[in-house]
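Starting from the known structure of chain E, fit chain A onto it as the hints suggest.
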Amino acid sequence: MIRNSFEIVDTTLRDGEQSAGVVFSEEEKIKIVLALDKANVKWIEAGIPAMGNEECETLKKMLKLPIKSHLIAWNRANLNDIKASIACGFQFIHVSLPVSDLHIKYKLQKSRGWVLNQLKTCLAYLKSYGVTIIVGAEDASRANPEFFLEYANIAASYGAVRIRYADTVGCLDHFMTHDKIENIIKRSPIPIEVHAHNDFGLALANTMAAYRAGAEFASVTITGIGERAGNASMEETVASLRQFYHYDCGIQLHMLPVLAEMAVKASGRTLFSYKPLVGNLAYHAF
Amino acid sequence: MGCKMNRKISIVDHTVNEVLRLGYYNPDDIHLMLSILKKYALDFVDISLHHVEKSGGIFEADDLCNRIRCIVNCSEREIVLAKELGFSNIIINCSLGSNISIYSILESALKKACDSGHTIYLCIDNAIEFATEVTGKLSPLVVKYGVERLIIGDIDGNSDPFTTYDRLRDLLKSEQCPIEYLGGNEYGMATANTLSALKAGVEYVATSVSGIGVPGMAPMEEVLMAARHLWKNQLVPDGSNLAIDCKTILSKAGILLPDEKAVIGSRVFAHESGIHVDGILKNPELYEIMKPEEVGLSRYLVIGKHSGTASLMYKFRQMNFSLSQDNATELLKMVRNVAISQKKPVTDLQLELIYSLQMELVGYKEL
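Chains E and A supply the protein sequences, listed in that same order.
Read the first sequence against the working numbering and you will find it ends at 536, with the numbers running on by one and no gaps.
Read the second sequence against the working numbering and you will find it ends at 1090, with the numbers running on by one and no gaps.
Next comes chain E alone, as it looks inside the complex (with noise of 0.2 Å):
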């Protein structure tokens, strides 16, 4: 018997955003925004404020809606990032550093004391705000686990309210991410956000894999859009929810299929007819 509550985190505007070629205008933001808060889901990352400017005013728009979503600012680690956040008006704050060997060593070309001391300084400085910390692990799926705990308890103690663990190159199958995950929530003091992707088509079993192991949020995107093979997708972590494990996340299913045709519009794709749920040939749950 599964026990524990699972949220889910849209990330459409963000890594859906990031998928190479896709740009979402301002208008479909903002709509995409409305329809996600009418599905009732309750955390949305709502982009970059340090894209720059235009991206600002358009997060700014998002901000003055009156919706009942939680709308997050995703950061890097830095602090010149963060205050773009700050500026901007988010209650919710995302901020981000790379916990594997691999891409410590390879991108930031640092050590593993200089990321928990960037985690440290970036975490007092929102602190100082009183805003809603989230932290996120990159490849966290290729990290250490001791130091994942370690990242985590730095986190716990400024604060933050979850810790997503990024399964940033899809290299997990379900097994994998189940004992992993299970492993990390017997001793993480703060609850787990799966992040899955998709580039074995494993990111939805991985997901229900966290889910079964413990995890208490998901992140995921409308049709499962994303950086590479993409995402998991919200339509089948929900669908699958409830045939599989009989969970009711709260997202209005009827919402789903409205949701994937804007997206998919937005993005400038065709469904695939053989998509799973929302596809043309595909059997509708919904």
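Calculated directly from the structure, the hints in this document are not laboratory data.
Be careful, since some hints might not be right.
[As the list claims (entries may be wrong)] Below, computed lysine to aspartate or glutamate pairings styled on DMTMM-like, alpha-carbon distance capped at 25 Å:
no., chain 1, residue 1, chain 2, residue 2
1, A, K1014, E, D351
2, A, K1066, E, E304
3, A, K1056, E, E277
4, E, K333, A, E1053
5, A, K1056, E, E276
6, A, K1056, E, D331
7, A, K1067, E, E307
8, E, K360, A, D1001
9, A, K1067, E, E304
10, A, K1066, E, E278
11, A, K1014, A, D1001
12, A, K1067, E, D351
13, A, K1067, E, E277
14, E, K355, A, E1053
15, E, K355, A, E1008
16, A, K955, E, E432
17, A, K1056, E, E304
18, E, K360, A, E1008
19, E, K333, A, D1049
20, A, K1056, E, E278
Remember, predicted model here, so these are calculated numbers, not experimental data.
Chain A only, in chain E's frame:
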């Protein structure tokens, strides 16, 4: 990364069946598809008798018939017809459920198939939903009629991958003939369920290229490449032509492959965002779990709204234009504005134009 598993994997194809369902009957195209599929651990190609009848018998007296199994219902008429059409391998397909007389109907069909000289495969397309005791009732029939293989189906995709693993592992312990797994993709779990079947010890699994079918199937490319790259299974065939092979097969049926299709889509090794491109330029392993050429694709960098200065400088170096960090920052603003206004990436031609404009603005200083 991941567990090593070096068991043999055999693929049962359902791509051709979907192509026939769509009404594409060109024998040359079907032969081309079969010859391509043979490169990817192909065991059999399954085709519904219904589609064969509609196709006008394109498989008659064909040497490839030995690689094809004809799917029939528990119907003596269909079993006889399959034989008349030249098929020696048949799959008798049925569902367990409320019909309590299914076992006697099935026995009649098995007897007819046996008398007709068929090699018999038995598919229970919802078997995964039933406990081993229920499927255990089939064992005497399997033995009595010499069923070659029992196909455990989850055609509606109703089982999660952990349940699939547990049930198939239990079945493998008790069943007296080889087991095959057939999983549908209604919820998007077919790849994971099929990997669960393989991990439980099943050798034969049903797939289709890109998961096509009604209902959908596990995409062949995902199952094979997950086994090869996540499980380091060296028995899985090389994928260096996989993308073009899959695209060729689908194109024969007029199916356009989505650019973002996992493993084989043309854009799964495209990178735009500043963070990712910066990483890729430092070490591709940072953002790619396998090399593009391992599936027959190429990496490419897209310049657009999410680009950063590192990708811009790299791109201009490729175009033989020099660019300082400061000017890259300025130029990036223009690039982003163009991408936003046109709602798509910036082309090389546009980049050249933006570069020229910037040169004029700064009076050719330092560029």
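Evaluated hints:
A C-alpha spacing of about 20 Å is found between A:K1014 and E:D351, which places the hinted pair at or below 25 Å, so the restraint holds. The hinted pair formed by A:K1066 and E:E304 meets the criterion: a straight-line CA distance of about 14 Å does not exceed 25 Å. Note on A:K1056 and E:E277: the hinted pairing holds, with a Cα-Cα distance of about 21 Å set against a maximum of 25 Å. Between E:K333 and A:E1053 the CA atoms are separated by roughly 21 Å; this keeps the pair inside 25 Å, and the hint holds.
For the given pair, A:K1056 sits about 17 Å from E:E276 by alpha-carbon distance, which is consistent with the 25 Å threshold. In summary, the hint linking A:K1056 to E:D331 is supported, as the alpha carbons are separated by about 17 Å, within the 25 Å threshold. For the suggested pair A:K1067 and E:E307, the alpha carbons sit about 20 Å apart, so the restraint of at most 25 Å is met. Annotation: proposed proximity of E:K360 to A:D1001 holds, straight-line Cα distance about 15 Å (limit 25 Å).
With a C-alpha separation of about 16 Å, the suggested pair A:K1067 and E:E304 falls inside the 25 Å cut-off, and the hint holds. Under the criterion of a C-alpha separation no larger than 25 Å, the hint pairing A:K1066 with E:E278 is consistent with the structure, at around 11 Å. Distance restraint check for A:K1014 and A:D1001: the Cα-Cα separation of roughly 17 Å lies within the 25 Å cut-off, and the hinted pair is therefore satisfied. Distance hint between A:K1067 and E:D351 is unfulfilled; the C-alpha atoms sit about 34 Å from each other, more than 25 Å.
Note on A:K1067 and E:E277: the hinted pairing holds, with a Cα-Cα distance of about 16 Å set against a maximum of 25 Å. Only pairs whose Cα atoms come within 25 Å are accepted, and E:K355 paired with A:E1053 is rejected, the gap being roughly 29 Å. For the given pair, E:K355 sits about 12 Å from A:E1008 by alpha-carbon distance, which is consistent with the 25 Å threshold. Between A:K955 and E:E432 the CA atoms are separated by roughly 24 Å; this keeps the pair inside 25 Å, and the hint holds.
Taken as a hint, the A:K1056 and E:E304 pair is honoured in the structure, with Cα atoms around 10 Å apart against an allowance of 25 Å. The straight-line distance between the Cα atoms of E:K360 and A:E1008 is roughly 17 Å, inside the 25 Å bound, and the hint therefore holds. Simply put, E:K333 and A:D1049 have alpha-carbon atoms about 22 Å apart, close enough for the 25 Å limit, and the pair holds. With a C-alpha separation of about 21 Å, the suggested pair A:K1056 and E:E278 falls inside the 25 Å cut-off, and the hint holds.
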